[in-house]
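Participant: For chain C, the structure is supplied; the task is to place chain F on it using the hints.
These are the residues of each chain, in order.
There are 2 protein chains.
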Amino acid sequence: MKSSFYGVIMAGGRGTRFWPLSTRKMPKQFLKLTGCKTMLQETAIRFKGICDPGRIMVVTGIDHGETVLEQLPCMDHKNLLLEPSGRNTAACIGWAARTLVNRGEGSAVMAVVPSDHVVDNAEGFRETLSIAVGPAMDGMLVTIGIPPDHPATGYGYLEQGEEIEKDIYRVSAFREKPDTDTAKEYVASNRYFWNAGMFIWRADTILNEISLHLPELAEGLEKLGSDTSPEISLYNSLPSISIDYGVMEKAENVAVVPARFGWNDIGDWPTARKCDVAKGEVISVDSENTTVWNEGKLTVLMGLKNVSVVETDSVTLVMSDEYSQKLKDVVAKLEKEKPDLV
Amino acid sequence: MKSSFYGVIMAGGRGTRFWPLSTRKMPKQFLKLTGCKTMLQETAIRFKGICDPGRIMVVTGIDHGETVLEQLPCMDHKNLLLEPSGRNTAACIGWAARTLVNRGEGSAVMAVVPSDHVVDNAEGFRETLSIAVGPAMDGMLVTIGIPPDHPATGYGYLEQGEEIEKDIYRVSAFREKPDTDTAKEYVASNRYFWNAGMFIWRADTILNEISLHLPELAEGLEKLGSDTSPEISLYNSLPSISIDYGVMEKAENVAVVPARFGWNDIGDWPTARKCDVAKGEVISVDSENTTVWNEGKLTVLMGLKNVSVVETDSVTLVMSDEYSQKLKDVVAKLEKEKPDLV
Chain C
137 MKSSFYGVIM
147 AGGRGTRFWP
157 LSTRKMPKQF
167 LKLTGCKTML
177 QETAIRFKGI
187 CDPGRIMVVT
197 GIDHGETVLE
207 QLPCMDHKNL
217 LLEPSGRNTA
227 ACIGWAARTL
237 VNRGEGSAVM
247 AVVPSDHVVD
257 NAEGFRETLS
267 IAVGPAMDGM
277 LVTIGIPPDH
287 PATGYGYLEQ
297 GEEIEKDIYR
307 VSAFREKPDT
317 DTAKEYVASN
327 RYFWNAGMFI
337 WRADTILNEI
347 SLHLPELAEG
357 LEKLGSDTSP
367 EISLYNSLPS
377 ISIDYGVMEK
387 AENVAVVPAR
397 FGWNDIGDWP
407 TARKCDVAKG
417 EVISVDSENT
427 TVWNEGKLTV
437 LMGLKNVSVV
447 ETDSVTLVMS
457 DEYSQKLKDV
467 VAKLEKEKPD
477 LV
Chain F
137 MKSSFYGVIM
147 AGGRGTRFWP
157 LSTRKMPKQF
167 LKLTGCKTML
177 QETAIRFKGI
187 CDPGRIMVVT
197 GIDHGETVLE
207 QLPCMDHKNL
217 LLEPSGRNTA
227 ACIGWAARTL
237 VNRGEGSAVM
247 AVVPSDHVVD
257 NAEGFRETLS
267 IAVGPAMDGM
277 LVTIGIPPDH
287 PATGYGYLEQ
297 GEEIEKDIYR
307 VSAFREKPDT
317 DTAKEYVASN
327 RYFWNAGMFI
337 WRADTILNEI
347 SLHLPELAEG
357 LEKLGSDTSP
367 EISLYNSLPS
377 ISIDYGVMEK
387 AENVAVVPAR
397 FGWNDIGDWP
407 TARKCDVAKG
417 EVISVDSENT
427 TVWNEGKLTV
437 LMGLKNVSVV
447 ETDSVTLVMS
457 DEYSQKLKDV
467 VAKLEKEKPD
477 LV
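Chain order of the listed sequences is C and F.
Letter by letter, the first sequence follows residues 137 to 478 of this note's numbering.
Letter by letter, the second sequence follows residues 137 to 478 of this note's numbering.
Just so you know, the hints here were simulated from the structure itself, not pulled from any lab data.
Keep in mind that this is a model prediction, so the values were computed, not measured.
Some clues are possibly wrong.
Since copy identity is lost for identical chains, a pair holds within one copy or between any two.
Under the rule of at most 27 Å between Cα atoms (straight-line distance), these lysine-lysine pairs were calculated in the BS3-like manner [claimed, not checked]:
| id | residue 1 | residue 2 |
| --- | --- | --- |
| 1 | Lys168 | Lys184 |
| 2 | Lys441 | Lys184 |
| 3 | Lys474 | Lys433 |
| 4 | Lys469 | Lys386 |
| 5 | Lys410 | Lys184 |
| 6 | Lys161 | Lys433 |
| 7 | Lys462 | Lys472 |
| 8 | Lys320 | Lys161 |
| 9 | Lys472 | Lys415 |
| 10 | Lys464 | Lys415 |
| 11 | Lys472 | Lys320 |
| 12 | Lys474 | Lys415 |
| 13 | Lys410 | Lys214 |
| 14 | Lys433 | Lys415 |
| 15 | Lys386 | Lys214 |
| 16 | Lys184 | Lys464 |
| 17 | Lys302 | Lys359 |
| 18 | Lys415 | Lys441 |
| 19 | Lys441 | Lys410 |
| 20 | Lys386 | Lys173 |
| 21 | Lys302 | Lys441 |
| 22 | Lys472 | Lys433 |
| 23 | Lys173 | Lys359 |
| 24 | Lys173 | Lys415 |
Here chain C stands alone, though its shape is the one from the complex:
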């Protein structure tokens, strides 16, 4: 009997680096950045054919439950897990796994994916998952590795170990975000992948690994029971740690399947430019490498390079590319001074 397959979508997070478009009320994953569907919708549709709509599971913040159900009307309400607070990916993923185990679906294969990444080839995505399902059913922790096309310093890297079978390799090491020289070495070696935070494993496998490496989290998850909207005090007692740092880096049985699709985490405005994230009318005079987002106005750019101009009703951001990582500092400042704007 074939195991059941769950698409587990992590839809927490603020998308701070996408402010002012992404706000607390409507974070990046719920926005139509790349077309006529939201990033969450694109993510769910990508599972079509390998995952029954009734087996899409979404973990999101308590404030965004309604938004998720509006955007994914076919999903089973019992698969909507509402976090009263953000406790990082180990808690989020552990809770999803625990929920399946509680329902007697411990042998189900979960494909855990972020809700706010761009995948340029849904068919390639499904092919990649199909390859990953085999070792996952055999008890491996499978990651999807993105072949790097440039020495990015903003992602963690997976080091490719021995081949297990065609297109499946052991991960010999997890590497934190490298400096530029190290990143260049990684890319030149052809033995490293970007860690895109996409994982395939059985629910019971990851829960066992959590018990082994994060026993406190495992105990906390048991206390949550089957409530899909737990008390904040209960959820806040879970340790806040990433699945990479808390489990993957310590685990033995980790494999990587190279992605058969183009990927972009559109982590900030300059990165999003590559995915044509843009809206509104523009007149551009001697301007290069710019991003414009406006809601029904005309934006005129004259003599600008490497700049994003993002307008909402209440805010206009004009940002030179090299400042994209500092945007979160502005948001943090506004959080105190003008909370309505973030």
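Facilitator: Chain F alone, transformed into the frame defined by chain C:
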């Protein structure tokens, strides 16, 4: 008997280089750029004490007559001259002079000033006019010369000749906009002024000069009669030429009085920055020499230098300073494609 004194304000023009704030419907001179009064109002108020409100004369486009009367409710309606089309400064000034002569006020002294310049010291402005009135009553064409504080290439220059009396000099030459090297020589010599387009003369003096140097204009002006809102076909028959090129450069009896005030023509967005032309809330991160204009939003600038960000309801302009002179090309293009926006 002392001659009567008229403040003649030239309020035509589109202020194209101030787009998108300045539009055909509401050009720069009717906007509150520097404070709680419009530039036209500031210009009129500057005459207070030396010119009776009933002797403020305004020449403007036919579409802006109501705006002028709203902004200057104390002016005498018969002193509002409505141009059916723009025919440059010789026609505009000649018409004002002709109107006074027709009313038997040929001996009146007219101080002709643009409506969209910033004068930082109204008292100094009045002092300067008081000095200029003497030679004007004696039949001179008096200009106000702005002592240059940098080698600007965007203005014409007046060359200072012999001293007529204290603070009054003959103009030995009018110089067109110079190149940078020439402008530097002018400034270093201490013998040149910027030509700010401010003139003081008797109505009959300038009309005689127009008869002499622009007889076709003089004849056309006679045909206008005393109608303050002439037919467009009649007005269009006037030659379109600047008073500088058409009269001043050819006249003999030209004097200059050095300005006793700070002056800025706020000709474009970067120039306006020096006069603190700005509106709206701004957060600025590592940004220098920027101008922001918004109507009740927050503008966030990150890593920008020498840039203006100007927002209206329908347009956002983000412009590097060195493109300020090319803005008129954008406006010209939009004139055809999106006339509502200009």
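Participant: Each hint should be assessed against the structure and marked as holding or not.
Facilitator: Each hint tested on the structure:
no.: 1; hint: Lys168 - Lys184; in the structure: within (19 Å within a copy, 58 Å between copies)
no.: 2; hint: Lys441 - Lys184; in the structure: neither (40 Å within a copy, 48 Å between copies)
no.: 3; hint: Lys474 - Lys433; in the structure: both (25 Å within a copy, 12 Å between copies)
no.: 4; hint: Lys469 - Lys386; in the structure: neither (36 Å within a copy, 62 Å between copies)
no.: 5; hint: Lys410 - Lys184; in the structure: within (25 Å within a copy, 60 Å between copies)
no.: 6; hint: Lys161 - Lys433; in the structure: both (23 Å within a copy, 19 Å between copies)
no.: 7; hint: Lys462 - Lys472; in the structure: within (17 Å within a copy, 41 Å between copies)
no.: 8; hint: Lys320 - Lys161; in the structure: neither (39 Å within a copy, 57 Å between copies)
no.: 9; hint: Lys472 - Lys415; in the structure: between (29 Å within a copy, 23 Å between copies)
no.: 10; hint: Lys464 - Lys415; in the structure: both (22 Å within a copy, 25 Å between copies)
no.: 11; hint: Lys472 - Lys320; in the structure: neither (40 Å within a copy, 51 Å between copies)
no.: 12; hint: Lys474 - Lys415; in the structure: both (26 Å within a copy, 19 Å between copies)
no.: 13; hint: Lys410 - Lys214; in the structure: neither (36 Å within a copy, 62 Å between copies)
no.: 14; hint: Lys433 - Lys415; in the structure: both (10 Å within a copy, 19 Å between copies)
no.: 15; hint: Lys386 - Lys214; in the structure: neither (32 Å within a copy, 90 Å between copies)
no.: 16; hint: Lys184 - Lys464; in the structure: neither (34 Å within a copy, 52 Å between copies)
no.: 17; hint: Lys302 - Lys359; in the structure: neither (41 Å within a copy, 95 Å between copies)
no.: 18; hint: Lys415 - Lys441; in the structure: both (18 Å within a copy, 25 Å between copies)
no.: 19; hint: Lys441 - Lys410; in the structure: both (15 Å within a copy, 25 Å between copies)
no.: 20; hint: Lys386 - Lys173; in the structure: neither (38 Å within a copy, 69 Å between copies)
no.: 21; hint: Lys302 - Lys441; in the structure: neither (44 Å within a copy, 53 Å between copies)
no.: 22; hint: Lys472 - Lys433; in the structure: between (30 Å within a copy, 18 Å between copies)
no.: 23; hint: Lys173 - Lys359; in the structure: neither (37 Å within a copy, 67 Å between copies)
no.: 24; hint: Lys173 - Lys415; in the structure: within (14 Å within a copy, 37 Å between copies)
The structure shown violates the earlier hints numbered 2, 4, 8, 11, 13, 15, 16, 17, 20, 21 and 23.
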